[in-house]
Amino acid sequence: MTVTDISRRKKFFAQGNAYVPHIVVIEKIIEETPDTRTFHFSFKDEKLRKDFIFESGQFAEYSVFGVGEAPFTISSSPTRRSHLECTIKRVGRVTNALHRLGVGAEIGFRGPYGNGFPLDYLQGKNLVFIAGGIGMAPLRSLIWSVIDNRDSYQKIDIIYGARSPADLCFRYDLDLWGRDKTINLVTTVDKGDEGWSGREGFVPQVVEQVAPSASDAVAIVGGPPVMIRLTFPVLKNLGFAPEQMLTTLEKRIKCGIGKCGRCNIGNIYVCRDGPVFSYAQIKQFISSEY
Amino acid sequence: MINSARQQRLIDEAKALLKQGKVRWIIGFEAGSLKFTTTPLITADAGDTSRLVINSFIVNNLSNFLPELEGRIGIVAKGCDSRSIVSLIQDSKVRREDVVILAVPCSGLIDLAKVEQLIGKDRDEIDAISRKDDKVIVTLAGAKREFSISEALYDNCLACELPTPQEYDILLGEPILPSNEPAAGQKKLDELKKMSPEARWQFWKKELERCIRCYACRNACPACYCQRCFVEETEPQWLLPIPHWQDNLMFQITMDIHVAGRCTDCGECQRACPVNIPLRSLTKEMYDIVADLFHFKAGMDKEALPLMTHYEQEEAEDLIG
Amino acid sequence: MEQREDWEPKIVGFLCKWCSYAGADLAGTSRRKYPANIGIIKVPCSGRVDPLFILKALRLGFDGVLVSGCHPGECHYLTGNYRARRKFAITKKFLEYLGVDPRRLQGSWVSASEGDKFAHVVTEMTKQLKEIGANRLFADDK
Amino acid sequence: MADKKINKRDIAKLPNEWCREFSVLVPSRESGTVAMTRWDGKDIGFLDWYRNTVVPPRDSFLPLIEEMFSFYKDKDGYNIELPPPKEQKQLIFGIRPCDARALAILDMTFNDGYQDPYYLGRRQNTVLVGIGCTKAYDSCFCTSLGNSPTDTTGVDLMLTDIGEDFLVEAITDAGKELLTTSSLSKATEADQARAKVSEETARQKVTRNIDIRDIAQKLRASFEDQDFWQKVAAKCISCGICTLLCPTCYCFDINDEMSKAQGVRCRSLDSCSFPIYTRMPMENPRTEKWRRVRNKVCHKYEFYPMLFDAIACTGCGRCIRLCPVNWDIIQIIESVPTGA
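Chains as they are written, first to last, in my numbering: chain A, 1 to 290; chain B, 1001 to 1321; chain C, 2001 to 2142; chain D, 3001 to 3340.
Hints listed in this document are in silico derivations from the structure and should not be mistaken for laboratory results. Do not take every clue at face value.
Dumping the calculated DSBU-like pairs for lysine-lysine here, alpha-carbon to alpha-carbon at most 35 Å [said to hold, decoys possible]:
#1 D:Lys3008 to D:Lys3186
#2 D:Lys3075 to B:Lys1015
#3 D:Lys3289 to A:Lys283
#4 D:Lys3218 to B:Lys1019
#5 D:Lys3073 to A:Lys89
#6 D:Lys3231 to A:Lys283
#7 C:Lys2130 to B:Lys1206
#8 C:Lys2033 to D:Lys3231
#9 D:Lys3218 to D:Lys3231
#10 A:Lys236 to D:Lys3218
#11 A:Lys50 to D:Lys3073
#12 B:Lys1193 to C:Lys2130
#13 D:Lys3013 to A:Lys44
#14 D:Lys3231 to B:Lys1205
#15 B:Lys1206 to D:Lys3260
#16 A:Lys50 to A:Lys28
#17 A:Lys89 to D:Lys3075
#18 B:Lys1144 to D:Lys3008
#19 B:Lys1132 to D:Lys3089
#20 D:Lys3008 to A:Lys28
#21 D:Lys3073 to D:Lys3008
#22 B:Lys1093 to C:Lys2017
#23 C:Lys2017 to C:Lys2033
#24 B:Lys1121 to B:Lys1188
#25 B:Lys1205 to C:Lys2127
#26 D:Lys3073 to B:Lys1187
#27 B:Lys1093 to B:Lys1135
#28 B:Lys1188 to B:Lys1206
#29 B:Lys1144 to B:Lys1188
#30 B:Lys1019 to D:Lys3260
Chain C side only, calculated, beta carbon under 10 Å to chain B, not exhaustive [as the list claims (entries may be wrong)]:
#31 Glu2008
#32 Leu2058
#33 Arg2085
#34 Phe2088
#35 Thr2091
#36 Lys2093
#37 Val2121
Among the chain A residues that face chain D by a calculated CB cut under 7 Å, a handful are [said to hold, decoys possible]:
#38 Phe12
#39 Tyr19
#40 Arg90
All residues carry an ideal CB built from backbone N, CA and C; glycine is no exception.
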């Protein structure tokens, strides 16, 4: 394999420099869980607001000036262009700083980066979305995009789990998807509480129970590494071939454009060759490097 | 004192330890891939022990590897290394019963940088370097030149207080007494102390300007064993991972303070530095301060309580009002 | 660098919450006057003061650092201040060797009832720091 | 061939001439270590002692610390300013063939896909004048990697020691433009022959060799051989010397630095030897040192060739020479199991 050809990817450089961010303004903040927020934001630059396009699954580098940069996938759908969204869990220095910001604050944005989900490949297929916790963020972008072009796809299953009911993100979306007759939504939590009447159990187990058919289907998995690692074998048992399993990986990414080195899994750079991969592409390394 | 004899004894002992299952690992030195170098040999295979060497270039403080290995370990230790082992035991990083100390009385190691200075040639061009009593003999293009040990040994070796380990299981060779060159080992520090405070700070500023923040000084140091160093903390971020001299110096000062009472003046930090920062001129001063204020010398007394967990009612009183 | 006439030194004080912090409080409530040059950080014990804190304060450009705890024998945790003293002593000596004016780093024992002493310590330290001038140790221009 | 030569006595005339147009860098010991520093117009004595720098010349293109842009906030929000472009052109006098080739290898990464304006800007602004080696360190192994002590890959102008003179070869057009000084005379066929001998003599002095045939395949086959990797990583102390001072290592970190109202976004070199290099708040795929060692070796000899068809190593030997524990990449490469 040689380097992924990215010449056809859309690039939106500020000042002609791949490392310089655009300024975006936070317009709305949604408290998803006690430690996770979704930020709605738009470019400060009028023209860019119109011109900017991206693909589901692509990510961007967000900066809090004076604190630093961190990568997050864009969690809104490219089919809904009034603003952009990203969903961020408070885990480290940059995310803590982001959580301290309010509506009206300016942050830096570079992107979109990475490959996005292969829509051509997904079209006409049955789609099985499997997500855990904040791993729903990139999938949610694709789910809305699929819903907005519903006729191009077949059956849709969504299996979504979190540690506890309070840790389920995008509950407003789950409501809508739950009511949509063309979607089979299954939510689960590792451990329920008094108010919880739904399923209990880890995502891989629930996938086993739901047992989506592999025929003409593609499974799209998003979540913490351990969930991804455990879900692949379950899907394999259900008859999914390596090419039929997609995932989006998370690594420590700094530059976002394949230079700074740290996001590699073997010869693959998650930031430019991914973050969306089929199991076929990464199975050589996934056991020991992810 | 005959190296080949005690080297053979070391090989026999190490082999026996592994074969009899008395240790799981042997840590010693083998010949390095470059001239006048040795390299750590860490092995569980009795067959490898025949590669063990003892010579004037066994520089590394192998106790650095103790905390990361599991199981009982046979370790080759010079005097300074043995002090580090004692210190690690006192800090509960290593248990005494988990180490078999193969003690090597050491008459000092040859400082290749000094030799290069003395002869004005790179080490690659030297044919041979040998040690005879208090002389170091360098052979260059067939010609022999003699230097005194005070010219050619490491500064910390000249100041060595414990050439023969006190704490050991197997002693290889006859004990050696400390050399009488402590003043030679103190020369660089004395020069610094003669300078004005401003000039001293400027000196360190200039030296730390070329620090590349590779952390070799920290990683080569057996006293620096924290799983997570303050330089890696991000909340709060004590210093940026950008090698500006200010942060380099702050890192260095803090590290020296953090290892106070555990530093045995083994000299590994300075030796590890790829850009020749005279780090021992920092660590040795801290060593002297600790000795002066608290009569404490790391690893010299295995009954002593670690410096920072202990106190005397009456000490250093004039420093706080 | 020329020192401005109206320049005032900035001090960081790491004060033990069981004694010196209360002492500072007392100095305030009893309206005992002392310079406003000190910014106070409450610590659970003077033993909590890692020399790293001192270095960081100097690195940030503070002109002086004060570490203040309970008198010997009066530590809430019995021995914390004795251990603090060891750390403090080696730090002070070492910084002096590096070329830092020893007056930039000072230690004191101040109990909860010694509001006057606290005021005195800060006044005296401020005076000394005015003599030695601003901390330009980590400035880039020299 | 219109090669020139210059007498060694006149060598200072070259940088003297060049420093009118260029900021000339030469090897120096000024900083306490050997690095390329700005020429003071006088001392050309490095020719007597210089073998190679400790800090690779890569530092002139991808420096240890670099300001990417500055930012400040005013009433309209954040503003970002790029540093002004460097006006004066740079000339590195005395770069060794291994390090010049290293730059050609780095170009692949920094040119690919998204161009890196900082690195490439300096590359375009710099002329490289190489001096062929006459001596080798006992850690040198350039000849094993298809390189040679007098190789001209990546340089604009090449000087080869032919006894009393240096043979001066213009490799590129930029190199030709440097041949203006009157001290140059025409090289004869005998001089060319002497250069050949000189090269051969220098080659003989490179005593260490590795067999790199099928190395990428061998590494791939051994990727999961944990015993092997644990063994070769045992004595590594996870410092950053072998990476930060490697002429083909380029990994960097990006951080913000604040001073009062203004901030600077900096990039600084990073090392895959450090556990924090891959550390994320919740996970770290390479906490164990053998994984980091494996990544380092494989990146140079397997991954980089897969991506760009070039081994990311030029045999300069710095990683061996400067390693505090004499961790030796040659021995590692030699001992990779055949995977059969």
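Hints versus structure:
{"no.": "1", "hint": "D:Lys3008 to D:Lys3186", "in the structure": "15 Å, holds"}
{"no.": "2", "hint": "D:Lys3075 to B:Lys1015", "in the structure": "75 Å, violated"}
{"no.": "3", "hint": "D:Lys3289 to A:Lys283", "in the structure": "22 Å, holds"}
{"no.": "4", "hint": "D:Lys3218 to B:Lys1019", "in the structure": "33 Å, holds"}
{"no.": "5", "hint": "D:Lys3073 to A:Lys89", "in the structure": "26 Å, holds"}
{"no.": "6", "hint": "D:Lys3231 to A:Lys283", "in the structure": "25 Å, holds"}
{"no.": "7", "hint": "C:Lys2130 to B:Lys1206", "in the structure": "27 Å, holds"}
{"no.": "8", "hint": "C:Lys2033 to D:Lys3231", "in the structure": "67 Å, violated"}
{"no.": "9", "hint": "D:Lys3218 to D:Lys3231", "in the structure": "17 Å, holds"}
{"no.": "10", "hint": "A:Lys236 to D:Lys3218", "in the structure": "29 Å, holds"}
{"no.": "11", "hint": "A:Lys50 to D:Lys3073", "in the structure": "25 Å, holds"}
{"no.": "12", "hint": "B:Lys1193 to C:Lys2130", "in the structure": "26 Å, holds"}
{"no.": "13", "hint": "D:Lys3013 to A:Lys44", "in the structure": "55 Å, violated"}
{"no.": "14", "hint": "D:Lys3231 to B:Lys1205", "in the structure": "40 Å, violated"}
{"no.": "15", "hint": "B:Lys1206 to D:Lys3260", "in the structure": "25 Å, holds"}
{"no.": "16", "hint": "A:Lys50 to A:Lys28", "in the structure": "19 Å, holds"}
{"no.": "17", "hint": "A:Lys89 to D:Lys3075", "in the structure": "30 Å, holds"}
{"no.": "18", "hint": "B:Lys1144 to D:Lys3008", "in the structure": "31 Å, holds"}
{"no.": "19", "hint": "B:Lys1132 to D:Lys3089", "in the structure": "55 Å, violated"}
{"no.": "20", "hint": "D:Lys3008 to A:Lys28", "in the structure": "71 Å, violated"}
{"no.": "21", "hint": "D:Lys3073 to D:Lys3008", "in the structure": "56 Å, violated"}
{"no.": "22", "hint": "B:Lys1093 to C:Lys2017", "in the structure": "32 Å, holds"}
{"no.": "23", "hint": "C:Lys2017 to C:Lys2033", "in the structure": "21 Å, holds"}
{"no.": "24", "hint": "B:Lys1121 to B:Lys1188", "in the structure": "23 Å, holds"}
{"no.": "25", "hint": "B:Lys1205 to C:Lys2127", "in the structure": "28 Å, holds"}
{"no.": "26", "hint": "D:Lys3073 to B:Lys1187", "in the structure": "52 Å, violated"}
{"no.": "27", "hint": "B:Lys1093 to B:Lys1135", "in the structure": "38 Å, violated"}
{"no.": "28", "hint": "B:Lys1188 to B:Lys1206", "in the structure": "16 Å, holds"}
{"no.": "29", "hint": "B:Lys1144 to B:Lys1188", "in the structure": "28 Å, holds"}
{"no.": "30", "hint": "B:Lys1019 to D:Lys3260", "in the structure": "65 Å, violated"}
{"no.": "31", "hint": "Glu2008", "in the structure": "22 Å, violated"}
{"no.": "32", "hint": "Leu2058", "in the structure": "8 Å, holds"}
{"no.": "33", "hint": "Arg2085", "in the structure": "6 Å, holds"}
{"no.": "34", "hint": "Phe2088", "in the structure": "7 Å, holds"}
{"no.": "35", "hint": "Thr2091", "in the structure": "6 Å, holds"}
{"no.": "36", "hint": "Lys2093", "in the structure": "5 Å, holds"}
{"no.": "37", "hint": "Val2121", "in the structure": "7 Å, holds"}
{"no.": "38", "hint": "Phe12", "in the structure": "12 Å, violated"}
{"no.": "39", "hint": "Tyr19", "in the structure": "5 Å, holds"}
{"no.": "40", "hint": "Arg90", "in the structure": "9 Å, violated"}
Violated hints, listed in ascending order, are 2, 8, 13, 14, 19, 20, 21, 26, 27, 30, 31, 38, 40; each of the other numbered hints is respected by the structure.
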